[in-house]
Amino acid sequence: MNLSVAKRDELNALCKKFRIDLIEVLHSIQTGHPGGSLSVCEILTALYFEKAKVDPQNPLWENRDRIVLTKGHAAPMLYRVLAEKGFFPVEEMKTLRQLNSRLQGHPCALETPGVELSTGPLGIGLSACVGMALGLKLSGIEDATVYAILGDGELNEGTVWEACMAAAKFKTDNLIAILDHNHVQLDGTSDEIMPMGNVAAKFEAFGFEVFSCNGHDVEELCSTIDQAKAVKGKPSIILAETVKGKGISFMEGKNIWHGKPISDEEYKLAMAELRGEK
Amino acid sequence: MGKAIRDVYGEALVKYGRENKNVVVLDADVCSSTKSGLFAAAIPERFFNVGIAEADMVGIAAGLATTGKIPFVNTFAVFLASIGLIGARAFGSYSKLNVKFMGAYGGISDAYDGPSHHSLEDIAIMRALPNFQVFVAADEYQTDWLVKNAIEVDAPMYIRLSRDATPTVYSADTKFETGKGMILREGKDATIIACGVMVGQAVAAAEELAKKGIEVRVVDMFSIKPIDRELILESAAKTGAIVTAEEHNIIGGLGGAVAEVLSAGGANAVQEFIGLQDLHAECGSYNELLTKYGLDVPAVIAAVEKAIARK
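Chains as they are written, first to last, in the working numbering: chain A, 1 to 278; chain B, 1 to 311.
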């Protein structure tokens with residue numbers, strides 16, 4: 001189903017706001033991961049504000065969809081989206097990564113309302129999502145979907161492929177993986193660090209139904225999620241093509257922006273760009 | 001000798017798994033060895049064989065736990081405490097997810113397969129994980145209780161099981177409690193604190209020592225974490241000599257845990273450590289290995305006499 005123009009504009013406006021707030025907080029705390037947070041912005045926004053069933057008033061509602069940020073370092077953007085959705089006050093963002101905060105450097109399910117799984121060590125999140133999908137089926141909860149948001153760097157970990165084999169074997173069609181395919185990891189581009197070859201062919205060979213879309217186009221994201229949800233008998237993955245550091249020209253595609261603090265000068269340039277002043 | 005621990009374990013999984021529909025069982029292609037295959041045959045819809053993928057198995061179990069299931073993950077102890085460790089840490093320890101790590105073939109009980117399959121560091125590793133409870137099964141009745149208890153208690157747990165039969169020291173109506181050591185024999189001259197197969201060896205050693213007029217208290221410290229601090233300190237005060245006996249490296253296991261309690265508690269007692277002396281064993285028959293590596297009755301007797309002489 002196509003998004004209405006109003007809905008599309010609303011989601012895009014949210015993404016713009018989230019990016020501005022993200023840079024604001026990451027600059028102020030001088031720690032955290034801007035690159036992968038900016039690339040995953042539309043994916044999280046499309047899920048939480050259009051496609052996924054979640055209830056901030058009842059975060060543990062049994063029939064909710066489960067959204068797991070297996071690339072846990074993009075926590076700042078996840079927190080910003082959760083806060084906007086109403087899981088906790090937006091004000092709390094300024095405590096990110098600080099002592100006594102509920103907002104840990106990587107998502108912690110015990111601390112933060114709305115966080116489904118504690119993630120951070122890369123590669124093992126998809127396994128847990130397979131388990132969630134199996135658990136929902138065993139519990140007779142048929143209409144809940146598990147969304148696993150992966151980074152492309154974490155595809156280097158062998159456990160991802162172990163999880164794929166299991167998802168295919170156990171036919172977890174209530175599992176939709178979404179790859180934040182920004183092609184850049186901490187030490188360099190994916191092609192430099194560990195070329196993954198034809199990622200679509202790999203997932204397909206492992207038993208997934210594979211979709212691709214522009215990961216910064218909320219309309220495409222939403223319609224691709226609809227297609228993935230219609231798949232029966234096997235898991236799906238959406239290869240969402242994204243740009244690391246999306247929205248800030250000097251960060252885009254640059255691996256140094258995986259986790260670098262933002263200087264005052266860079267902050268001014270970034271904010272001007274995000275606000276559309278230049 | 002009682003029944004083989006692994007057989008008792010598999011039967012207990014089926015028995016208690018039938019009673020509690022939330023129990024789910026996972027294995028990494030060794031279900032005929034771990035005996036989780038008994039559960040697979042009885043309740044196939046709640047059994048998942050994930051193939052030779054231990055880290056994946058633990059991750060899947062964690063996901064199942066988030067939906068209220070009580071997952072038992074099964075493979076050899078050595079692989080759970082190594083390849084399974086990333087998930088044990090992130091999802092069990094850090095996230096407190098209710099996953100039961102069942103370490104089959106603990107210690108050197110996978111005798112003929114050799115050191116690649118022996119586990120002599122698992123207790124040290126798993127007890128270092130915050131929030132984890134750690135147990136070592138000594139006999140068939142305790143094994144049965146450990147399975148039942150694991151289903152009842154909402155906490156990540158590591159339970160070390162032996163491949164083999166061990167001497168029976170309990171009966172069907174013995175009551176166990178987490179964090180409470182079992183006093184199997186009283187004595188004033190020394191205390192042997194043992195776990196697993198060494199419990200039977202300790203009881204036999206104490207009987208031999210009694211013939212020489214040496215009275216030894218024997219404690220089965222099956223609950224390594226939480227550990228029975230009071231009993232350890234009381235034993236130190238009462239007997240002045242502690243011998244820890246375990247089928248594990250002498251570094252970091254039961255001996256280390258007891259030494260931590262003695263040290264922090266300011267106990268005035270000597271301690272002797274029975275275990276693998278910071279080395280890897282070799283392959284051979286289980287009994288031959290126990291003898292060669294100082295885990296038999298004569299070795300326990302010698303350690304007790306040495307400890308008493310050091311008082």
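Warning: the hint list may mix true and false statements.
[As the list claims (entries may be wrong)] DSS-like mimics (lysine-lysine), calculated; alpha carbons at most 30 Å apart, straight line:
| no. | chain 1 | residue 1 | chain 2 | residue 2 |
| --- | --- | --- | --- | --- |
| 1 | A | K229 | B | K21 |
| 2 | A | K169 | B | K96 |
| 3 | A | K169 | A | K268 |
| 4 | A | K234 | B | K292 |
| 5 | B | K311 | A | K171 |
| 6 | A | K53 | B | K188 |
| 7 | A | K85 | B | K96 |
| 8 | B | K96 | A | K137 |
| 9 | B | K225 | A | K137 |
| 10 | A | K137 | B | K15 |
| 11 | B | K148 | B | K188 |
| 12 | B | K212 | B | K225 |
| 13 | B | K96 | A | K171 |
| 14 | A | K171 | B | K180 |
| 15 | B | K238 | A | K169 |
| 16 | A | K53 | B | K238 |
| 17 | B | K21 | A | K232 |
| 18 | B | K96 | A | K94 |
| 19 | A | K17 | A | K254 |
| 20 | B | K306 | B | K180 |
| 21 | B | K188 | A | K169 |
| 22 | A | K137 | B | K188 |
None of these hints come from the bench; they were simulated from the model.
Verification of the hints:
1. A/K229 - B/K21: 29 Å, holds
2. A/K169 - B/K96: Holds. A/K169 to B/K96 sits at ~28 Å (cutoff 30 Å).
3. A/K169 - A/K268: Violated, because 51 Å separates the two Cα atoms, which is more than 30 Å.
4. A/K234 - B/K292: At roughly 53 Å apart (the allowed maximum being 30 Å), B/K292 and A/K234 break the hint.
5. B/K311 - A/K171: Given pair B/K311, A/K171 is violated - Cα atoms ~64 Å apart, limit 30 Å.
6. A/K53 - B/K188: 65 Å, violated
7. A/K85 - B/K96: 26 Å, holds
8. B/K96 - A/K137: 23 Å, holds
9. B/K225 - A/K137: Distance ~34 Å between B/K225 and A/K137 Cα, so the pair is violated.
10. A/K137 - B/K15: 23 Å, holds
11. B/K148 - B/K188: 34 Å, violated
12. B/K212 - B/K225: Between B/K212 and B/K225 the Cα gap is close to 34 Å, so the pair fails against 30 Å, i.e. violated.
13. B/K96 - A/K171: With a Cα-Cα distance of about 28 Å, the restraint between B/K96 and A/K171 holds, given a limit of 30 Å.
14. A/K171 - B/K180: With a Cα-Cα distance of about 44 Å, the restraint between A/K171 and B/K180 is violated, given a limit of 30 Å.
15. B/K238 - A/K169: The hint is violated at about 58 Å.
16. A/K53 - B/K238: 62 Å, violated
17. B/K21 - A/K232: Status holds; Cα separation ~26 Å.
18. B/K96 - A/K94: With Cα atoms ~27 Å apart, B/K96 and A/K94 stay inside 30 Å; holds.
19. A/K17 - A/K254: Holds, because 22 Å separates the two Cα atoms, which is no more than 30 Å.
20. B/K306 - B/K180: Holds, at roughly 27 Å.
21. B/K188 - A/K169: 59 Å, violated
22. A/K137 - B/K188: Measuring from Cα to Cα gives roughly 58 Å; hence the hint is violated.
Comparing the model with each numbered hint stated earlier shows that hints 3, 4, 5, 6, 9, 11, 12, 14, 15, 16, 21, 22 do not hold.
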